[in-house]
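Hey, can you work out the whole structure from these sequences and the hints?
Chains A, B and C supply the protein sequences, listed in that same order. In case it helps, this note's numbering puts the first sequence at residues 97 to 525. In case it helps, this note's numbering puts the second sequence at residues 3 to 341. In case it helps, this note's numbering puts the third sequence at residues 59 to 349.
Bear in mind the hints are in silico, worked out from the structure with no lab data behind them. Every residue, glycine too, gets a C-beta built ideally from N, C-alpha and C. Any given hint could turn out to be false.
Going by beta-carbon spacing under 10 Å, a handful of chain C positions derived as facing chain B [as the list claims (entries may be wrong)]: (1) LEU143; (2) PHE144; (3) VAL179; (4) VAL183; (5) GLY185; (6) THR298.
A few chain A positions that, by computed beta-carbon distances, are all more than 12 Å from chain C [stated by the list, open to error]: (7) PRO171; (8) HIS194; (9) ALA197; (10) ALA229; (11) SER283; (12) ARG361; (13) GLU437; (14) ALA450; (15) ASP506; (16) LYS514.
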Amino acid sequence: MNRTKQLAPLAAVAVLALSLAACSGGGGGSSSSGGSLSGDAANNLQDRGPITYVQGKDNSNVVRPLVDKWNAAHPDEKVTFKEQTDKADQQHDDLVQHFQAKQSDYDVVDVDVVWTAEFAAQSWLQPLTGSMAIDTSKMMPATVKTATYNNTLYAAPQTSDGGILFYRKDLVPTPPKTWDEMMSMCSIAKAANIGCYAGQYAKYEGLTVNVAEAINTAGGKIVDDSGKPTLDTPEAKAGLTNLVTAYKNGNIPTEAVTFQEEQGRQAFEDGKLLFLRNWPYVYNLAKTDGASTVKDTFGIAPLPGKTGPGASSLGGHNLAISVYSKHKATAKDFLTFMTSEESEKFYATQGSLAPVLTSLYDDATLTDKLPYLPVLKTSIENAVPRPVTPFYPAVTKAVQDNAYAAIKGDKTVDQALKDMGAAITSASQ
Amino acid sequence: MSTIAEPKSSPEVPLPRGNKADKEVGQDRKAKSQGRWAFWLIAPTLALLAVVIVYPIVNAVIMSFQKDQGLDPVSKVFVKGGPAGFSNFIHWLAQQCGSGPCAPGTLGSQFWSATGTTFFFAVVTVILETILGFWMAIIMARTFRGRSALRAAVLVPWAIPTAVTAKLWFFIFAFEGIANKLFGSAILWTGSEWPARWAIIIADVWKTTPFMALLILAGLQIIPAEVYEAAKVDGASAWQRFTQITLPLVKPALLVAVLFRVLDALRMYDLPAIMTGGANNTTTLSILVVDQLRQGVNSAAALSTITFIIIFIVAFIFVRFLGANAVASATPNGKGKVK
Amino acid sequence: MTAIAVDAAPKSAAKRRERWASTRTYVSAAVIFIWCLLPFYWMIVTAFRDSGYTFDPAFWFTHFTWANFATVFSENLGNHFGLALFNSLVVALVTTVVALLVGVFASYALARLEFRFKFLVLGIVLGASMFPGVALVTPLFQLFTSIHWIGTYQALIIPSISFVLPLTVYTLTSFFREMPWELEEAARIDGCTQGQAFRKVIMPLAAPAVFTTAILAFIAAWNEFLIASQMSNDATKTVTVAIASFAGAQPHQEPYTAVMAAGTVVTIPLVILVLIFQRKIVAGLTAGAVK
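The following block contains the structure:
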């Protein structure tokens, strides 16, 4: 009697723990629905009703007005806007949590271009085929590619982004067209006692962006269409070597291995860099920041390439519909609404977000407000998406670790590429 | 000297010692009624821990024996991996990926280096925090003008949310940051191995020393002042008073503080994750777990389980050999004192 | 109560020593003060700096502005920081009160009662502090989803209590063991029940320990992020989640000055709160104990 009493709490713990554990089973692995319209995906395609739209922090207040506008016109199919945090990793993990729990509370989700393949392969995204199909003909092809997995469109490109070259037009009258030309201009930087060129080389997602750009610009590729690494090519080697050599000989300043976007912007605004690879957001800030010393002395150009414009990596987001959504017809209409020309224009004017529709880049009202659009257009037209693979987290990790070591001189380019390839292969098994 | 030892046996000093005479009478009956009492007093704690901690641990152990999902070669969608036996554990411990050793750039290749880094951080930060914390506590325990201001100031680093702290130090240690400006240096704090480690250690020590200091201070506060006065009258030096009175009497509080700091330090995540992203050999086990969670939940469950076991072993050794069982040894001592 | 530095010897050598000791105390206090507050000072400087001068390394206040605080509380940007402060207060207060209550029960049993498997109980309680916190989120999320708790206060509070419980139980147990329990027995002879004796005699003596534990628990709950970020919704999100949601006006722009402003906003009230509590509560309880 006494003994049982004493054991009771422990027994309770054990029983509770085991029974709870049984609820979620092995967890994690999603059931396979084969990417076709079976199981959950087949449900609710014609259904309408209130839905929820999920996106990271709406920093420039573009989503709320659009949602209000939609709700005014669709009183029976109201959209609730659920705002996530501002950190990409946290947004990713939040979506994964909800999908893993097969929650129907997220209907339309905003996914980073690099997550689309992963979520599609998990069968969490509604394929945009048949009655769910959307018109992508007016969108820039590279952006559509980021939303496509296994030859099926799983999302609608919503916003894009591409790298551009910021340069000091007071020191360099005409911007370099090629990488070699840019390197030859580094003597100007040296004479002015400033750093020559920098991108983002801290060990984080930005490094993958920059390394992918270097490799793609040199004509190489990180992975092929089936997701296998293709890094044992002279082109890939040439691409990474460009970065490694420039860092070694000081054309890329030493501190650039600590640079994320903001540190590079700071250095450029302080007048400490001749060339900077960054996203277009720097344009407005370098023009208006109180601390900017280059307000009137910088210009922009497409990234320098091998012979012409370089191959930028693509940023931006896609809109997708959850397979667990109960009102997919409404979700699809909302998705079309959010990617309409009018909405795209609003993103650009209100939030400085790059549109995915080709025509808008020549729209005079937009180019007046965002003078960098023509340059950005060239950038996105020549852009190559970062590897479209369901194993993206492992691939980007392999690229970051090895490229970082190579840039810092801890391993040779050959070794780095070999390890990168091996790591990608083992991760995608 | 002799009087210095005296307080230990003096009645004011509340080290509970069992009264042997009491013990034998009606021990059985007492134990029974106490057992019942103890059950009801402890049940809420265990119930809360069961739901929030034990359940996820059991869940993780079960998951760790499943393979991670794999990509179906035809449909290109993920399918469940099936039973894994011990392969997830072998993957980490032997750093084996598939047929050979894990290539650099995979998470699997980082298990032992992350373990080493985690222990390095834990040992260095806890030692520094203990010494500094003790010093802070002793100063805070003194009576002087501005004592409450000091106590409030000490709380500040602990009170700032960790994510904000990490961002704050990230910017302080940026290349163009205030640290390099103040010292006129050009150190790549977050971009090279030892500076990165020290940057993280400094930030961690700054943030968590107050935790240590407050717990030690609470321990100091229950030492009766008469004990010191008696020792002083006997001419004990400050150092003697410290080692022979303060240290032994504050030991239980100190050990609890150190034990929990060790457990926390072995799970360090935010500071290295935000300050370096794990670059330059600053990847800790918790960072590895987070990264792995995004690549495969079953391997991540195995890694969490391994981390749990490692920390368990450390705690066990700590309790066993360093005497943190000051708490657990209540068993023989507490007897007989309760009606 | 804490007269460690007090020396009443009237000799002049002793006086000199006393003065020397007090100088040392002040120097040490000053060093601790600067060490703890210097980075905090930098945080405040940044919080009051125009975001266009985010990276200005000037050590004093320059480009002074309140704009960052306006951003923090801006409803237009959907920050709802006031609500988040309220939510954090609710979560942290309830967590602290419940954790202390439950913790006091358990610690009393562990320190004072005789029962089998005590070591095992202590082991389980400690073991709860050994699992990587990040790995707890997914199973808890699935559990709370299945019982429709996502977005409720209890989904934030219950995990929070469990996170602070191990430390609470261990601290209180170790302090309870140091208590002069003879006094409790004396009180019972005077006619108190065991509960009264505990409340009126032991608790006041344990006040410093209980109060310290309460501060540590409160701050830990106040700063909890992992669980809050997954289990809360717009109505229940806490300050740590709100801070993580701050964004720059431009994509990629770090809202650094706003984050520092928010950090200031959440830290200063906490410190004031502790200052007030420290004086009133501890003084009150200790006074009661002496009687």
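| said: Hint compliance check: list the failing hint numbers for this structure, sorted ascending. | reply: Numbers 1, 2, 8, 9, 12 and 14, in rising order.
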